[in-house]
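Dock chain to chain to rebuild the complex, using the hints, since each chain is given by itself in its own frame.
Protein sequence lines correspond, in order, to chains X and V.
Under the working numbering, the letters of the first sequence match residues 90 to 533, in that order.
Under the working numbering, the letters of the second sequence match residues 8 to 441, in that order.
Do not rely on the hints blindly, as some may be mistaken.
Among the chain V residues that face chain X by a calculated CB cut under 10 Å, a handful are [said to hold, decoys possible]:
no., residue
1, R77
2, V79
3, C120
4, C357
According to the in silico footprint, chain V covers these stretches of chain X (three or more CB under 8 Å from chain V) [claimed, not checked]:
no., segment
5, 109-117
6, 211-219
Calculated from the structure, these hints are not laboratory results.
Ideal Cβ positions, reconstructed from N, Cα and C, are used throughout, including at glycine.
Each chain is listed here by its residues.
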Amino acid sequence: MNNTFTPGVVPARLGTDELQQNFTDLHAPLSGHEAAVAADRCYFCHDAPCVTACPTDIDIPLFIRQISTGTPEAAATTIFDMNILGGMCARVCPTEDLCEQACVRELAEGKPVEIGRLQRFATDKLMNKGVMPFTRAQATGKKVAVVGAGPAGLSCAHRLAMLGHDVTVYDAMPKAGGLNEYGIAAYKSTGDFAAREVDWLCSIGGIEIKPGFALGNELKIDELVGDFAAVFLAVGLGGVNALGIAGDDKDGVADAVSFIQELRQASDLTTLPVGRNVVVIGGGMTAVDAAVQSKLLGADTVTIAYRRGRDAMSASRYEQDLAASHGVKLLFNVQPKAIHGNGAVAEIELEYTATENGKLTGTGEMIRVLADQVFRAIGQTLATEAGLKLDGRKLAITGAGRTSLAGVWAGGDCAAGGDDLTVTAVAEGRDAAMDIHATLMGSN
Amino acid sequence: MADLTTDFLGIKSPNPFWLASAPPTDKEYNVRRAFEAGWGGVVWKTLGEEGPPVVNVNGPRYGVIYGADRRVLGLNNIELITDRSLEINLEEITRVKKDYPDRALIVSIMVPCEEEAWKAILPRVEATGADGIELNFGCPHGMSERGMGAAVGQVPEYIERVTRWCKQYYSKPVIVKLTPNITDVRKPAAAARRGGADAVSLINTINSITSVNLDTMSPEPSIDGKGTHGGYCGPAVKPIALSMVSEIARAEETAGMPISGIGGITTWRDAAEYITLGCGNVQVCTAAMTYGFKIVQEMISGLSQWMDEKGHTSIDDFMGKAVPNTTDWQYLNLNYVAKAVIDQDACIACGRCYAACEDTSHQAIAMSEDRTFTVIDEECVACNLCVDVCPVEDCITLVQLAPGTVDPRTGKVVEKEYANWTTHPNNPGAVAAE
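Chain V on its own, in the form it takes in the complex (with noise of 0.2 Å):
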């Protein structure tokens, strides 16, 4: 049985499964039933300063975008951070802190960027017997007018200044939350890196309008005709979340930095992904939105099931393992030649892939009276659409085409050496091949 323990800047968890800082986690009932259901830790939901707390609408907060049969692919939300008071909150981490000492609780904090604010709530949060504190850097909505959250994410020069107090005014780890609201996540995170946070985490949730109401011309999630953007999560974040992540974990200036990767995990499968490009655990919210603690289950017993299957005993064996293998487009092998192949016994004749390849892509499948479709390998540059669009897994697969034998499209034969767009003769910067 492989070991899911992690041990994230000297926090250890029984697994990798946070719960990210987000509604599951803005009180002590919720994060009391998370450790219960097997979550392995938990990022509070984001406290503020000393004083009357922050208000909320009183109307809807979360928008949401559909898949088939209202699957939730993607919600927005408008809720700030936390509306208890800084007390409430404080006594209760200490509690739950106290019951659950092997799971990891960290505190996420958002206080004005001012060195009194937050030389005030450290030593405070500190004294909760908390693991450590995530810098919410990130939310997009409310926050970010105030000059929080965001609008400091956006400021590689505030996220250095500010994680240099917090390390300065609290002893144990300090993870910085990165919003994904900038055009290089790599300035942000390096940011973080010399203002000596221990870690980053990322994604925050990404600035978003997820519907209009055609009756009304508001936007949802609409508030008395008025709506604004919000912060957008769940599966549909996740490719965009797994770029971000794997490219602080390739840059020189942030290159073996802790991560905690936020964005869509709904799956056991998609924390797997998160940790081979570098995460050291994941952290979750739609997904428990959605489906509710128990997820988390699933999550435990899929990673450990797939864990064994591939002769892995702990995270740490595979953690990174896809890094290497993430490089720059022109790198990529240009003489890796595959075909589409459709496996007839699996096809079910929807003609999905031929409307695709014939309407929009390289007119490259064959339809033929009795609706048997089949690739035309003179025509098909391998694009993977019909594979894509095709909705029954595995009929229709990429298979490499061997070195040595004549691609049908090109009337070339398949070399068996590695080449790249950088010694492309097309390539007017094309450098000798060696």
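This is chain X alone, in the form it adopts within the complex (with noise of 0.2 Å):
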């Protein structure tokens, strides 16, 4: 039997009962009680701060209003109707950067309306009926393809299903959701809720998702243009950036994405090896979501390395927080140098950096942490671009998605603009929706 200090990188370092209770609801729903009492905080603020923070502008005094009244099914419905992924949303949103934070009751008492978790119990509510409250509009007879089943996939698939339109969705991976299925923390979003989430969304008719397809091989995007009225790109960003320093080849090296969709994936997480001492490159939620996990898979020590300081991370200060909480060392302002290491990894060079006219040098000095995992989280790359014009590494976008092809939208991601948020992903996907539906009935 391993434990947390055995060598190398193992499975089983923890049990079976220990790693089920480390892997549950990171935060419990609320039961009646707790959502009575949670929404009775709302003040139904005018034109409401929360509102405005929401990427998706979900009218949230409504919802919780709907809630403290007796009918959180209504409260669902008003927050599916701007974000049909309001449940996946309820659970990963980083609430503490956005509706929360804009809460009137976090400046006035420092503690905001539990936005993100009434959100949940209302969400829950309608999807544990198995209830769709949307029915689709007489049919249209326009076929459109979307490529990539993830939050802006799905998002617009939906929206342009409920429109009329009959709605192909293509992906890369065996299984749809994209990074809700793949990507997010176990302990964001447990009991298959990924899966169910993009069952429940089908539900509404006229949806039809293949998956196996990825763009540049099996599809092409002249074909899928010719083929569809439309197109919706949700691609994301398949490629991971390396590191680029000697010994990033080494064993025990990996990408940060890989390793957490083998965790989402895994059935006995007991068989899902992880180092004693493991490093984490980056500073964004993916790096969170990587040292995390590590530590309640048992690693003795967990170590994000990031290059600049704590307010240049993009994980919020909740997630660092959270990672802290876990026993997850937080080390800012180092850059990784070389892996060191006989054929797998034994420790990471790092090099203090400091930041002198806006430009970032390391300084020269080194300092040297043991690993024999370290994880890539220093960003993803568009894996095609498919012809289309680049903003920077992302396909060029106007208006609601507007690719430099006519008859091709794009969002989510592989987007240029926005922040990479599933919320965003799905306001993207369901606004380039509206964009599709108005150009292909002539209203645009």
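Below, the structure written as structure tokens:
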């Protein structure tokens, strides 16, 4: 039996029970009583700041009032009307940076209304009943292709289906859901929620999901444009940035997204190997998710090494604290220089950094950290540009996701602009759908 | 340290907080616990005549109105007078009074409107040693259908008659408890005075249906699918009770009559307000039924602190102090001009003031792009709605415009002199100002 101190990258550092406990819901769902108490705190603000802060513009005061008056199903409909993935967003949104940060009770008392958990309460209620509150409009006879079954693609597909179009959703992976299925920390989406959400979303009808189709391989953009009235690209960022340092290819060095993906798909967590000393390079949510989950799998020491200061970290302060509370050490202002080890990684060498005249430079001072596993979480890249115009390293868009090619829209992480958040992707998918609809129906 | 003792009709109690005649005072066990908790007095739950006691329903007796977080704002009940025998109640009253000579113990009574009935019970109550009686002319449910309770309280002649019998057959103070289920509370109060009552207490509960069950279509509380009106009490009724108390305190025919104030008293502040409108003490029920007897500790400490801060050494010091300031609308100063002012540091930018003013009042609050809310003095009529809906205390206040300044709304100079409707030029019946 392995334990926390077993050297190397090994499975079963913790027992089945402990692993199960470690990977339950990060935030337990609210009970009916808790929801009533939480809902009572909402002031029903005028032109509420929380709504302004929500990328999908959910009418938060209205849905909370609907909860407080005993109609959580109506509350869920209010949420889904703007954000059909409101169930997942309730679990993964960095609410501390969005609606809850803007809540006037955050200003008044440092304790916002628990909007995220209330949203989960409402959406769970309706989804657990298997009710899809929307119906399809009269068939338009138009066919639309959506490439990528992640948040942006699903949001777009649902809205298009609702408007009467027939939608085919392609995805490179065996399961639909995108990052919801493969990329989010397991304790944020428990109980196979991502897959249930896809099934529920598709219950509106008119959506066909075709797994195993990747853009650039099985799918060609010109063929799609020829076969469909419109195309929405929501392929995400399939490529992973390399560290570009000596030793990057040693055993034990891996992409954080692959690690998270394996973890999400693992049916038995005791089979999942993790290092005794884990170092995660990066400063985003992926870095935090990989680090915390390494710790939860039983790693002895886990360090996040980020090249800039705390304030520049794209993971929220809440996420940073979450990592710290799990015993993850946060190292700031260090950049990887070399990975040492005989075949497998044994140590990572980091150089301290300073920012001079707005430019990040190494100070020459080095630090070595024990590591038998190193995760790269330094950002992802577009896997294929499909011949479309780029804006920086992403697909260039104008308006509601229009790419440089007529009849092709794009949204989510693969498109330029916007934060790489689930909720932003949902908004972009929804808005592109409305623009596609208007274009197809000739009202644009 | 302020002296909280009261002498109400010669009945002394260590503080002005009495428990009203109601379920909390139905038996010895509860009353002893109440006295141990610190209550200054108790009005024993209403006794009925000799014989088989009344029966209560065996389903729910109470209905409720909630505020946020299920805070009880209003309670109603369909419980009748004591359903225990007269003998047992009298024995218990005797024992309790003997053990607590320093506390006030009043016995509430409700018997049929016949002289013999009162003549029979009063000597027996007198023999308990209790300090006085309270005539229950107020219960609006159940007993009123049998010609008692509110059925008596709604007919001034009956009040006067029964009160007179009580003064005839009972030697200690007689308090008449009034029902609010009438149009002019001064009439029954005056009748009580004519009958020789030593004091009035008010209000009893208000006719009410707290809610309707939308599944069964039955009013609540529901007994096997049927409901009836109950008596409403709790914080929600306080404004109604305060107004009725003030009317009795102000009316010529009842002014100066001792009053025991009842209705939604929940904190020391509520009690102090009743006393300023002329009450000699207060009676509490719903607050105790919601939180238990311990709440009297807060009432005692709070009233004591406030009295010390204000320099009041006794309850008499501030009793009735707000009565002279209670007047008719027509005498309010129309030259008093105020404007709402928003404290930007205290504002949490919820915008409720804006929504209320913009949608339902005078469009006198401006909202900027960055959610700064400011009062438009040209539109503000100082209605106070923004103050009332603001979730932050003292964030919005009404500030008086100094005489001599120009009111931006009317363009007129604010007059220094008091002027009311009786002399206003728009009043067809105006008299010339002196």
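Against the structure, the hints come out as follows:
1. R77: holds (8 Å)
2. V79: violated (14 Å)
3. C120: violated (46 Å)
4. C357: holds (4 Å)
5. 109-117: violated (count 0)
6. 211-219: This one is violated; 0 residues, fewer than the three required, reach chain V with a Cβ under 8 Å.
Against the hints set out earlier in the document, violations occur for numbers 2, 3, 5 and 6.
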